[in-house]
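Top to bottom, those sequences are chains S and B. Residues 3 to 184 (the numbering used here) are what the first sequence spells out, left to right. Residues 3 to 184 (the numbering used here) are what the second sequence spells out, left to right.
Some clues are possibly wrong.
One copy or two, it doesn't matter: identical chains are merged, so the pair holds either way.
Unchecked claim - In silico DSS-like pairs for lysine-lysine, Cα to Cα no more than 25 Å straight-line:
no.	residue 1	residue 2
1	Lys42	Lys104
2	Lys42	Lys127
3	Lys132	Lys42
Simulated from the structure, these hints should not be mistaken for laboratory data.
The chain contents come next:
2 protein chains.
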Amino acid sequence: MTSTATETRSVVVERELPHPPGKIWRALTQPHLMEEWLMKNDFRPVVGHRFNLRGDWGGVLDCEVLVVEPNKALSYTWNFAHDDAAFNLTSVVTFTLTPTGKGTLLRMEQAGFRPDQPQAFGGAKHGWQKFFENLEQVLARAAGGGVHGGFPGWRVELTNGSGGSGRFGQSSGSRRCRRRSA
Amino acid sequence: MTSTATETRSVVVERELPHPPGKIWRALTQPHLMEEWLMKNDFRPVVGHRFNLRGDWGGVLDCEVLVVEPNKALSYTWNFAHDDAAFNLTSVVTFTLTPTGKGTLLRMEQAGFRPDQPQAFGGAKHGWQKFFENLEQVLARAAGGGVHGGFPGWRVELTNGSGGSGRFGQSSGSRRCRRRSA
């Protein structure tokens, strides 16, 4: 009996945020808010939905939703096709939200960096720090009631108590699927 | 006699900067400074050199140097390969530096957006505003003598008077080549 194992590395960022899980969930799953802290996108919180994350400089990531557990867990592929193996990335991003006494522990893991991809791995480590900083600013602006140009009313959406379900036809309860093999 | 014409659009950003052309040229052509305001890269100011611009999130642009006229003009391709035509970008970025009484007029044109690429075009308009803001901060830090972590000595490089030539074996004088047809 033989088995093969491919060693990959993950980037993990954990941060306790002074906000309830439902509010963070909305920032993670509403496209106009995701655009604020992550990238332009056509995300929908529906397992199997394929979407793109688009950088302002023309780059595009190919993604597919894998897990949607409202207020608890969100996972999607984060793939980048390139002829150069060093840049050809097949990875999975998973967010988990855990309530704490002071707010929510948000954990992000991006898994799938091969040993021959030190640049992509290093870039992701740096990039996620920035994304988290952006996310904290989005959440803080919502808490402080600051005016945010371009998306009138977003503060209300971010702070309402609906738990984020229903907005995109997403029923309550969790949905999971396995990542398809390549 | 027939001819075909493909209509494309350009993003143009012009800004007068209170710095001499040589200082701006160095920020445009030294990889560690380019990383500060643009992206990680393996750029060299040599016509024909192929390089990548790498985003922290795993995305990569494929580029080739087309024009190097120290302190005057710099041009390179800015290409992104993607199966979806809306995202598959073939473009050329050209910087021109014109001395003014107060400093330098820096002009950037990114040409090649097809009519079916409104998202890429819109993203680039937004992106270049941010890149220019970053560039101004890099130049201002150099002028003010602010400490910059991670690149000891970069301030000296940015403000020395060498005109940027020689550092990468780039001789004086201009070099041009035509963009190759696809």
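Going down the list of hints, with the structure as the test:
1. Lys42 <-> Lys104: neither (31 Å within a copy, 37 Å between copies)
2. Lys42 <-> Lys127: both (20 Å within a copy, 14 Å between copies)
3. Lys132 <-> Lys42: both (16 Å within a copy, 15 Å between copies)
Hint 1 from the list above is the single one not met by this structure.
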